[in-house]
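Student: Line by line, the protein sequences give chains L and S. Letter by letter, the first sequence follows residues 1 to 328 in the working numbering. Letter by letter, the second sequence follows residues 1 to 328 in the working numbering.
By construction, these hints were calculated from the structure, which means they are not laboratory data. Any given hint could turn out to be false.
The list treats identical chains as interchangeable, and a pair is accepted whether it falls inside one copy or across any two copies.
Said to hold, decoys possible - Below, in silico cross-link-like pairs of lysine-lysine (BS3-like), each with a Cα-Cα straight-line distance of 27 Å or less:
no., residue 1, residue 2
1, 198, 22
2, 113, 92
3, 113, 268
4, 72, 98
5, 72, 92
6, 302, 268
7, 42, 201
8, 37, 19
9, 113, 302
10, 268, 98
11, 326, 2
12, 38, 201
13, 22, 204
There are 2 protein chains.
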Amino acid sequence: MKVFITGGAGFIGSQMAEKFLKRGDSVTCFDNLILGKKEFLKNCGSLVATGATFQFIQEDLLNLDRVIAAMKGHDLVVHLAANSDISQGVEKSDVDLKNGTIATFNTLEAMRKSGVRDILFASTSAIYGEASVKPTPENYGPLIPISFYGASKLGCEGLVSAFAHNCGLRAVTFRFANIVGPRSTHGAIHDFTERLLKDPKVLKVLGNGTQAKSYLHVEDCIEGMLHALDRVLLPAAGPDFYECFNLASLGVSNVKFLAETVAREFSKARGIPVPVLEFGESSRGWVGDVAYTWLDGSRFEKHGWKARLESGAAVERAVREIISEKLA
Amino acid sequence: MKVFITGGAGFIGSQMAEKFLKRGDSVTCFDNLILGKKEFLKNCGSLVATGATFQFIQEDLLNLDRVIAAMKGHDLVVHLAANSDISQGVEKSDVDLKNGTIATFNTLEAMRKSGVRDILFASTSAIYGEASVKPTPENYGPLIPISFYGASKLGCEGLVSAFAHNCGLRAVTFRFANIVGPRSTHGAIHDFTERLLKDPKVLKVLGNGTQAKSYLHVEDCIEGMLHALDRVLLPAAGPDFYECFNLASLGVSNVKFLAETVAREFSKARGIPVPVLEFGESSRGWVGDVAYTWLDGSRFEKHGWKARLESGAAVERAVREIISEKLA
Numbered sequence: 001m002k003v004f005i006t007g008g009a010g011f012i013g014s015q016m017a018e019k020f021l022k023r024g025d026s027v028t029c030f031d032n033l034i035l036g037k038k039e040f041l042k043n044c045g046s047l048v049a050t051g052a053t054f055q056f057i058q059e060d061l062l063n064l065d066r067v068i069a070a071m072k073g074h075d076l077v078v079h080l081a082a083n084s085d086i087s088q089g090v091e092k093s094d095v096d097l098k099n100g101t102i103a104t105f106n107t108l109e110a111m112r113k114s115g116v117r118d119i120l121f122a123s124t125s126a127i128y129g130e131a132s133v134k135p136t137p138e139n140y141g142p143l144i145p146i147s148f149y150g151a152s153k154l155g156c157e158g159l160v161s162a163f164a165h166n167c168g169l170r171a172v173t174f175r176f177a178n179i180v181g182p183r184s185t186h187g188a189i190h191d192f193t194e195r196l197l198k199d200p201k202v203l204k205v206l207g208n209g210t211q212a213k214s215y216l217h218v219e220d221c222i223e224g225m226l227h228a229l230d231r232v233l234l235p236a237a238g239p240d241f242y243e244c245f246n247l248a249s250l251g252v253s254n255v256k257f258l259a260e261t262v263a264r265e266f267s268k269a270r271g272i273p274v275p276v277l278e279f280g281e282s283s284r285g286w287v288g289d290v291a292y293t294w295l296d297g298s299r300f301e302k303h304g305w306k307a308r309l310e311s312g313a314a315v316e317r318a319v320r321e322i323i324s325e326k327l328a
Numbered sequence: 001m002k003v004f005i006t007g008g009a010g011f012i013g014s015q016m017a018e019k020f021l022k023r024g025d026s027v028t029c030f031d032n033l034i035l036g037k038k039e040f041l042k043n044c045g046s047l048v049a050t051g052a053t054f055q056f057i058q059e060d061l062l063n064l065d066r067v068i069a070a071m072k073g074h075d076l077v078v079h080l081a082a083n084s085d086i087s088q089g090v091e092k093s094d095v096d097l098k099n100g101t102i103a104t105f106n107t108l109e110a111m112r113k114s115g116v117r118d119i120l121f122a123s124t125s126a127i128y129g130e131a132s133v134k135p136t137p138e139n140y141g142p143l144i145p146i147s148f149y150g151a152s153k154l155g156c157e158g159l160v161s162a163f164a165h166n167c168g169l170r171a172v173t174f175r176f177a178n179i180v181g182p183r184s185t186h187g188a189i190h191d192f193t194e195r196l197l198k199d200p201k202v203l204k205v206l207g208n209g210t211q212a213k214s215y216l217h218v219e220d221c222i223e224g225m226l227h228a229l230d231r232v233l234l235p236a237a238g239p240d241f242y243e244c245f246n247l248a249s250l251g252v253s254n255v256k257f258l259a260e261t262v263a264r265e266f267s268k269a270r271g272i273p274v275p276v277l278e279f280g281e282s283s284r285g286w287v288g289d290v291a292y293t294w295l296d297g298s299r300f301e302k303h304g305w306k307a308r309l310e311s312g313a314a315v316e317r318a319v320r321e322i323i324s325e326k327l328a
């Protein structure tokens, strides 16, 4: 299978590329390198199976003609590219419109024009906004996102389903929990570790630490998406197939737990006293942050998949991986 | 109150403008005249109350700087502008992205930059796609629109809620039923009448006539939105206020009923034999058409409003109005 990964040099995309290459598939990583890093692809060359290929294309999804040209001949699009740094200021309100909604439109339009039928699309729990039902199932409504990121992903979900219906695509949308693990380019664990590298004595935490989210390890995330590819998308009678799953682990973890885990593991790794934690007063990290998200992953589990790591275990493993990466 | 109406020279916008002027408010109609018509505003000048003003600005929402400049000094935005002709082909897949999503982003961005706080936003039942629950309530999910129009409006809803939360706006979103009445620029009644003007003997109907939708008369639509303005939006404690209502009448009407009503009223008005109806075979009018939509309007009715005309009565009145308009 020839796989086209948008955001292919990113946190999740680069690890997804390795996984497909190990399966024997050909992979094209398409990335503008704004958040992605070329060094994340350094293992890919050695993983190419006989008869398979790997290529990296540095290009922006906003250049539709380039996307169409690059996409020709592929069988599957894994659309991960987005502005994944959700905590941007109000002044940058159009970042998600451009790099989320319009980039996704171009991805789908390129599929239509280049004749690629299948897509796995990364959406987010942020589309639920401050849901009144927890854990939140896929059929929760109304969807009232409070961040520009969530708003954009909601629009993208609509685009994916409209293209599936009007252009004969087959699509699975995944509403991601917070994905953690090596190569993170943002997020609380990443930020906490960066702060400790600057000042290893004190760890300042945005908000009062009570904010809690579902955390999913990137390895589970990728395996979940591949499970959906093999068991749901490829066997689909389609065209005009659309399915939507929450992709989550069991439970939630709060920011206090993340901060304590980072502080403890950092002190172990460096052989220094455990940093002192200083919390803020707000129950939100930033405007647009949903203070408490808890995803109901049971719908996808009925298709025979379950995250290997619960939320807390995913956090603990990711903290160790990220610290060891940053101290390397 | 100074009201800024996008799509202000359109089917609903121009009648909304008259209503506000009659209340004594000042009105600015902003319209690119692609679907709107300047003649729809011919009554507005004579309706301006003492101390109030009326102006028309021919401009496109895609020119953000112009929108910001035009919007300054207003108190309320009524955002009706959209590509309301939902039955466009796949080749025009970006029409709704531009004239729906990006135009809505610009409207909201202009509010933020010009300091206008309140917005009434016209969304659509098309965001529900082929809902399995009927009548469909606001908390139905998952939202899987099957048209580019529905996809775009879903993205717009997300933008409205994200701007409300991040920029202190107060917003009410209305998920419109099919709005019918004088000045329609599209839709089945409009199309049927146009066809009879060309050939008064035979009326050809797309699809088999079983497609059914909730129809709401434009007068009820406008009164519903003003009711929400007075009873929900203006009393809101806000900022960061977001509310979402289905705006519908009681019941549904099918295309066969619409066609029969148009044929009967056309023959009466012209004094000719009743045209013969010819139906197609598909249960859908076009790709992306939801064959059966039935909106649950009870949530908004709890705020003390109810459409005066049921779906069937709204259709009958609109048919008479549209035929008399076209024969005038």
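Student: When the hints from earlier in the document are held up against this structure, which numbers fail?
Tutor: Hints 1, 3, 6, 7, 9, 10, 11, 12 and 13 are the ones this structure does not satisfy, whereas the remaining hints hold.
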